[in-house]
Amino acid sequence: MLRRTFIQAAASALIAVGLSWSAHAEDRFITVASTTSTQDSGLFNVLLPAFTAKTGITVKVIAQGTGQALDTARRGDADVVFVHAKAQELKFLADGFGVKRYPVMYNDFVVVGPKSDPAGIGGSKDVAAAFKAIADKKAPFVSRGDKSGTNTAELNLWKAAGVDLQAVRGDWYREIGQGMGATLNTANAMAAYTLSDRGTWIAFANKGDLGIVVEGDKKLFNQYGVMLVNPAKIPTVKVNDGQAFIDWLVSPEGQAVIAGYHIGDKQLFFPNANDPNA
Amino acid sequence: MLQDMTILSSVLSLLGGDGGRLLEIVLLSLGVTITAVVCAGFVGLPLGAGLALVRFPGRTVVIVLVNTLMGFPPVVAGLVIFLLLSRSGPLGGLGLLFTPKAMMIAQFVLVLPIVVALSRQTIEDLWTEYRDHLTSLGAGRLGSIPTLLWDARFSLVTTMLAGLGRASAEVGAILIVGGNIAGFTRTMTTSIALETSKGDLPLAMALGVILMSLTLAINGLAYGISRVGARFSGKS
Amino acid sequence: MRDTTSLLPLVVRDLRLEMEGRVLLDVPIARIQNRKRSVVLGPNGAGKTLFLKLCHGLVPPTAGSIEFTSPRSAAEIRRKQAMVFQKPVMLRRSVRANFTHALAMAGVGWSERRRIATETMAQFGLTALADVPARVLSGGEQQRLAIARAASLNPDLLFLDEPTSSLDPTASRQIEDMLEVLHERGVTLVLTTHDLGLARRFADVIFFFHGGRLVEENDAQTFFSSPQSAEAQAFLEHRLFW
Chain A
1 MLRRTFIQAA ASALIAVGLS WSAHAEDRFI TVASTTSTQD SGLFNVLLPA
51 FTAKTGITVK VIAQGTGQAL DTARRGDADV VFVHAKAQEL KFLADGFGVK
101 RYPVMYNDFV VVGPKSDPAG IGGSKDVAAA FKAIADKKAP FVSRGDKSGT
151 NTAELNLWKA AGVDLQAVRG DWYREIGQGM GATLNTANAM AAYTLSDRGT
201 WIAFANKGDL GIVVEGDKKL FNQYGVMLVN PAKIPTVKVN DGQAFIDWLV
251 SPEGQAVIAG YHIGDKQLFF PNANDPNA
Chain B
1 MLQDMTILSS VLSLLGGDGG RLLEIVLLSL GVTITAVVCA GFVGLPLGAG
51 LALVRFPGRT VVIVLVNTLM GFPPVVAGLV IFLLLSRSGP LGGLGLLFTP
101 KAMMIAQFVL VLPIVVALSR QTIEDLWTEY RDHLTSLGAG RLGSIPTLLW
151 DARFSLVTTM LAGLGRASAE VGAILIVGGN IAGFTRTMTT SIALETSKGD
201 LPLAMALGVI LMSLTLAING LAYGISRVGA RFSGKS
Chain C
1 MRDTTSLLPL VVRDLRLEME GRVLLDVPIA RIQNRKRSVV LGPNGAGKTL
51 FLKLCHGLVP PTAGSIEFTS PRSAAEIRRK QAMVFQKPVM LRRSVRANFT
101 HALAMAGVGW SERRRIATET MAQFGLTALA DVPARVLSGG EQQRLAIARA
151 ASLNPDLLFL DEPTSSLDPT ASRQIEDMLE VLHERGVTLV LTTHDLGLAR
201 RFADVIFFFH GGRLVEENDA QTFFSSPQSA EAQAFLEHRL FW
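Protein chains in written order, with the working numbering: chain A, 1 to 278; chain B, 1 to 236; chain C, 1 to 242.
Hints listed in this document are in silico derivations from the structure and should not be mistaken for laboratory results.
Backbone N, C-alpha and C define an ideal beta-carbon position, used for all residues, glycine too.
One should not assume that every hint holds.
Unchecked claim - Not the full set, but computed from the structure, chain C residues with beta-carbon under 8 Å of chain B:
| # | residue |
| --- | --- |
| 1 | 21 |
| 2 | 43 |
| 3 | 72 |
| 4 | 80 |
| 5 | 85 |
| 6 | 101 |
Unchecked claim - Take a look, some chain B residues computed to stay more than 12 Å from chain A by CB distance:
| # | residue |
| --- | --- |
| 7 | 61 |
| 8 | 70 |
| 9 | 72 |
| 10 | 82 |
| 11 | 87 |
| 12 | 97 |
| 13 | 132 |
| 14 | 194 |
| 15 | 198 |
| 16 | 200 |
| 17 | 211 |
| 18 | 215 |
| 19 | 223 |
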């Protein structure tokens with residue numbers, strides 16, 4: 001029967017398409033819970049292929065906020081965490097979920113705002129004063145509001161500026177609970193200030209009317225750390241391959257790849273694995 | 001502002017320059033979605049037919065439940081599956097989280113109620129028409145299911161397309177359970193979400209255009225086949 | 001080929017169907033005899049169709065018995081009878097597939113199905129339509145297909161509900177010829193009709209229903225010449241309106 005044959009052929013074609021992805025599954029891989037900033041800045045696009053070429057280990061990156069990334073690791077769904085919120089990382093270690101924290105690199109945050117600059121902070125080097133001015137003028141500010149590293153840094157900056165957010169918050173302060181890129185999109189649409197890591201900012205394509213208003217303050221430095229998830233807590237962790245990734249990141253070779261990543265003529269990340277205090 | 005030309009050139013450069021990666025994403029999207037929908041069909045159509053024909057206590061409750069599940073929020077479905085598949089969840093040992101299989105499961109769960117609910121309605125209507133004849137032939141309710149499924153095939157194509165629409169448009173659930181891993185669990189919709197968040201709106205829109213073209217092509221093809229088929233075997 | 005131990009006669013006793021307190025059908029006794037052409041008459045809503053459906057086993061009675069002569073399993077009884085409905089049910093398939101499907105349901109093997117289908121289509125002039133979708137056939141063709149499909153199951157007993165209603169005279173004639181062929185073959189036919197001409201030409205026995213009750217069961221000639229019941233008299237004189 002012609003029709004029967006046709007149906008069989010169609011069915012098997014569908015199933016073939018359906019299963020085609022399984023051919024992509026690599027045997028040797030690790031899962032890294034990391035942040036949207038490392039992914040959105042494009043760093044992983046050069047970092048990971050270099051590592052895979054050297055070791056044959058594929059790295060699967062789940063890009064989340066730092067808080068969510070650490071939570072993913074706590075559930076046992078990642079082998080390595082690569083994030084940027086030191087206090088949260090130390091807590092993760094203290095809870096026994098991490099083996100050891102290695103500093104890897106830093107970039108810095110920038111305060112981004114509309115050209116009209118309603119808070120009048122353009123060109124300032126003092127981020128605390130700038131934040132104070134934003135709060136005083138109730139100029140629109142978009143916050144990640146997602147427990148990410150950037151969000152944590154932002155909250156610390158309000159503290160440093162002596163602003164009690166709970167007391168002064170109002171319509172001008174918008175928590176959107178999304179990633180860095182979405183936050184920048186929102187800031188652009190609302191002509192608001194926001195805090196961004198420099199990497200995401202440079203790579204971000206929808207700048208519109210936004211520009212950097214504050215940069216260069218020491219308080220804006222953003223340290224990245226990497227940790228292997230503790231196999232004593234999570235037995236399924238791929239210890240050897242995960243550690244291999246960490247060892248490579250802090251090795252001269254890995255550090256060189258990080259230093260070499262530029263967008264245009266701008267270096268985005270500064271390796272500092274040798275700084276014990278980072 | 002977005003320019004049409006920017007989108008158009010993005011579409012072209014996606015198709016041309018970086019075609020390999022795009023193809024991978026498209027194939028993965030199609031693979032996950034079609035597998036999920038086909039599986040939902042194999043499970044859901046007999047279930048829907050069964051629900052149409054078999055009388056049991058609580059049947060009305062089940063029907064209302066299934067109809068409700070048609071509107072199951074994908075994010076909630078994603079979260080539930082995430083918690084089930086997570087290493088610390090009950091099915092963690094399978095190691096399925098952040099894999100295409102997890103995305104398939106999520107889409108399967110989202111599509112299944114649609115297939116069951118819509119096919120139940122279709123089969124029940126056809127059963128009213130066929131009932132006397134099939135009973136006279138001694139088929140019985142369960143025995144009638146294959147006949148009804150086959151004879152309702154052209155209406156059921158529409159049912160499956162509805163399921164396909166839900167699956168292929170879906171982003172919330174597969175983002176959570178797939179993790180949007182580049183080259184592994186990154187699909188059309190999660191790419192669009194990602195490029196939007198990176199502020200690359202023309203690229204996101206270009207991907208959207210490609211996704212919509214694919215959906216249109218699949219729907220057109222299915223509709224065409226079913227129309228030709230329907231004409232061939234008498235209007236349904 | 002034909003099983004010599006017939007199901008018939010079929011004897012119906014004290015058959016009642018009630019729904020929501022209303023009596024829809026009430027048949028104290030009726031006997032469908034082997035190889036007799038039984039015609040069920042009565043005005044609309046008299047219970048003719050219900051009577052057929054109950055005898056055929058499609059609708060379970062509230063009370064009473066429907067007994068076939070030779071005791072067999074329920075499945076066997078089912079296989080030995082068939083029914084053609086007023087609005088014939090056409091599967092969304094080709095004419096041929098309508099045959100093979102019914103035969104498959106009756107448990108006939110794959111190659112045997114195709115042979116019987118081909119043979120039956122040839123007998124009833126449907127061969128040219130074999131690959132045509134059943135649902136695009138004309139009303140007359142659909143009715144022929146429905147009867148031939150039922151006949152292909154080789155039943156002892158065939159129920160037909162209004163087989164010639166809404167057909168033009170030529171198509172009606174064709175159907176009547178088919179029924180004659182089946183009768184010659186030894187199939188016991190029970191049909192309802194509003195066509196008194198058909199009843200006069202065709203019937204051996206008349207069952208006359210009125211208001212859900214079987215009022216009169218009579219030899220056809222006697223029924224038409226001297227009906228026993230007042231209702232039947234009125235019906236034949238076209239005076240019975242409800």
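Q.
Flag every earlier hint the structure violates by its number, smallest first.
A. 1, 2, 3, 4, 10, 11, 12, 14, 15 and 16
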